[in-house]
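Participant: Generate the whole structure from the sequences, applying the supplied hints.
Line order of the protein sequences matches chains A and B.
Taking the working numbering, the leading residue of the first sequence gets 13, the next gets one more, and so forth.
Taking the working numbering, the leading residue of the second sequence gets 9, the next gets one more, and so forth.
In short, the hints are calculated from the structure, not lab data.
Check each hint, because a few of them may be wrong.
Unchecked claim - Okay, the calculated bits of chain A under chain B, using three or more residues with CB under 8 angstroms as the criterion:
#1 72-82
#2 249-258
#3 289-299
#4 362-371
#5 477-487
#6 520-528
#7 531-540
All values reported here derive from a predicted model rather than from experimental measurement.
Virtual Cβ for every residue (Gly too), placed ideally from N, Cα, C.
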Amino acid sequence: MKTWLRSHFLALCILALGLTAGGMAYAETAAAPAQPAAAPAPVPPATAELREAAAKAPTPADLAKGDPGGTITGSIADVTVTDAKAGPTLADAGNQIGQNKIAINFVWTLICGFLVMFMQAGFAMVESGLTRVKNANHTYMMNFFVYGCGLLAYWVLGFAIQMGGAAGNANLGGLYPLASEHTISLFGKTWGIFGESGYFLAGHAYDVGVMVIFLFQMVFMDTALTIVTGACAERWKFITFSVTSVIMGALTYPLFANWAWGGGWLAQMGTNLGLGKGYADFAGSGVVHSVGGLTALAVCLIVGPRIGKYNRDGSANPIIGHDISAVLIGCFILAFGWFGFNPGSTLGASSNGNLRIATVAVATMLAGCTGTFGSILYMWITKGKPDASMSGNGLLAGLVAITAPSGFVSAPNAAIIGLVAGVLVCVSVYFVENVLKVDDPVGAISVHCANGLWGVLAVGLFADGTSNYGGSWNGVSGSVTGLFYGDAGQLAAQLVGISTLLGVVFTLSFAINMVLEYVIGHRVSAETELNGLDIPEMGQLGYPEFVFRPETALKAA
Amino acid sequence: MAASKSQGSYFGLFLVGGTVLCGGLAYIASGTGKLLLVVGAAILLAAAIGFLKIKPLEGETAVLPSPESMKWLGAGVALLGWLVTLGGLHLVSSNGGRIVVALLGIGVSFFGILYVLPAAFNKTAFWKKAAATSARAGFSSVASRATLDHSELTAAPTAMGGAK
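Facilitator: Written out as structure tokens, the structure reads:
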């Protein structure tokens with residue numbers, strides 16, 4: 013019986029999934045909305061002018077001759093009309109303009125989402141390059157599989173928790189199917205806690221706008237998940253990594269993302285308490301990077317340092333990664349992907365102040381640049397060499413720090429934020445390694461947690477009040493303005509956000525992973541760790557023809 | 009133990025249980041939804057029992073037991089900092105006062121995360137122990153070698169048992 017169960021396990025899993033999906037398909041069929049009746053459109057005065065223009069439009073015969081200058085392709089003849097015999101009306105032209113706006117925003121958001129998805133490759137190269145060759149396959153595989161684990165978890169549950177109550181985005185057509193936020197009443201105010209619609213993207217969530225926001229938010233969530241894999245590399249059991257990634261994608265990340273981006277209580281601090289425009293995190297220094305970095309810190313504490321990292325007197329040994337070229341190429345891939353991360357967070361390129369994408373992109377570029385300078389100069393001056401891996405981390409630190417403020421700050425302020433981040437990452441790496449005695453092989457805690465928190469704080473200081481995303485932010489009229497430009501309330505909102513990240517996100521991540529420690533165990537056996545995780549955990553070496561070098565650090569210990 | 013068929017099976021069970029549970033949440037108002045919720049929870053419980061059953065097969069890790077109460081205390085202090093901040097939002101009405109209380113809350117959380125928790129985990133850290141004590145002795149037979157040959161990399165993990 014046991015053998016039969018084992019051999020038919022996969023078939024049983026598929027059957028169970030099929031039954032679940034079938035039940036949902038049945039529910040969707042029952043809830044299909046009725047088609048609205050068409051009403052006759054009034055004929056406005058401008059209709060005659062439109063029809064005259066249609067008569068003068070290039071004909072198929074004109075277009076057949078070719079259009080090398082691109083001057084006649086695309087005209088009023090391409091406008092979709094409701095009555096072909098009557099010709100174009102003002103309503104047709106208006107509908108076409110509206111759909112063009114939404115189309116531009118859809119395409120912009122989707123392409124930016126594709127860029128963010130490609131960042132997974134950058135993370136894989138950075139993390140694997142900074143670890144030893146005996147763990148290369150394992151580290152790459154964690155970065156590969158986290159994409160699937162996160163996507164599945166986000167599809168079945170995470171998206172509903174995060175965006176289930178996020179209706180009202182004018183850039184993407186309103187997102188009206190996502191209109192169910194679970195709220196509580198506290199101190200006479202109503203506060204959003206988590207979303208309740210959009211499970212499995214089924215039912216009314218079977219909507220083009222919802223699909224766009226799902227794709228974009230999903231790749232952000234996966235970025236947060238992959239931060240943890242680097243910090244815990246070289247000693248983390250693959251099974252525990254898989255389970256915790258699913259839970260993080262389904263619960264931890266979406267919960268905070270709802271509070272910040274899904275209409276939750278942090279975003280409501282502006283309307284409910286008059287704290288600036290509420291918690292403002294343009295592209296996710298807090299939502300993505302601090303959540304990932306704090307979870308990395310929680311798991312790193314539990315999983316413990318690698319064998320050979322610390323000597324008996326507590327001093328740390330450097331454990332050098334195997335491929336610095338992969339690290340630096342990975343950093344460039346990440347910097348490229350960041351142009352999807354930050355400018356894409358406008359969720360549109362047309363109207364509602366979205367032309368600010370240019371400022372957002374330049375702020376992103378500048379902060380990465382000054383972050384690199386900050387770390388290179390710090391290492392060169394204090395250690396004597398412009399350390400390559402810290403240079404890469406400086407670039408990433410600048411990008412992480414500018415992620416939250418990128419939509420609200422000027423170019424000079426972006427440069428300052430990046431420069432501070434570049435120095436901060438170096439100081440933080442030293443602090444984490446030598447004071448906390450937490451072993452983070454890739455510096456993920458310093459890059460993403462420390463600089464993510466710095467980015468959230470920077471919004472409350474440097475936001476200059478010139479952005480105008482539809483005239484309001486989080487439902488409060490006006491622009492996000494920091495302390496240096498006159499709004500102390502915004503700084504207070506940002507500090508509440510930081511406190512929530514530390515008090516709730518860290519504690520929740522820690523508790524979940526402590527339970528997993530009791531149930532599954534986070535760490536591989538000492539023998540597996542010494543041999544390298546590639547064979548015991550993955551079944552094959554990353555580089556089969558490499559020759560291993562002696563573990564000198566271990567002999568010293 | 010490293011990765012095994014049992015791990016893969018129980019992870020599959022965990023995914024199926026989680027998916028069915030979420031199907032139940034999606035349609036919680038209906039009878040089918042409630043049924044899916046119960047079935048999903050039962051499958052997740054079975055997966056957890058399976059994980060517990062195979063956990064001892066992993067073998068001895070480098071990490072030594074450390075005080076559990078200190079760990080949970082550290083997490084509690086981190087949470088307490090957030091409660092201080094929330095309390096400040098309710099009790100103080102000026103922006104300056106709320107900033108001060110939020111900074112206090114952040115300080116409390118940092119104390120829990122950066123002081124209490126590392127102290128708890130590092131109290132019995134394996135790297136503080138002499139090589140002759142049990143945890144180090146477990147892998148010193150491998151660690152003291154200059155190189156590892158390929159046959160050892162592919163062999164079943166039995167060296168730990170011999171060392172003990």
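Participant: Now, for every hint given, state plainly whether the structure supports it.
Facilitator: To see whether the hints hold, each was checked on the structure:
{"no.": "1", "hint": "72-82", "verdict": "violated (count 0)"}
{"no.": "2", "hint": "249-258", "verdict": "holds (count 6)"}
{"no.": "3", "hint": "289-299", "verdict": "violated (count 0)"}
{"no.": "4", "hint": "362-371", "verdict": "violated (count 0)"}
{"no.": "5", "hint": "477-487", "verdict": "violated (count 0)"}
{"no.": "6", "hint": "520-528", "verdict": "holds (count 3)"}
{"no.": "7", "hint": "531-540", "verdict": "holds (count 9)"}
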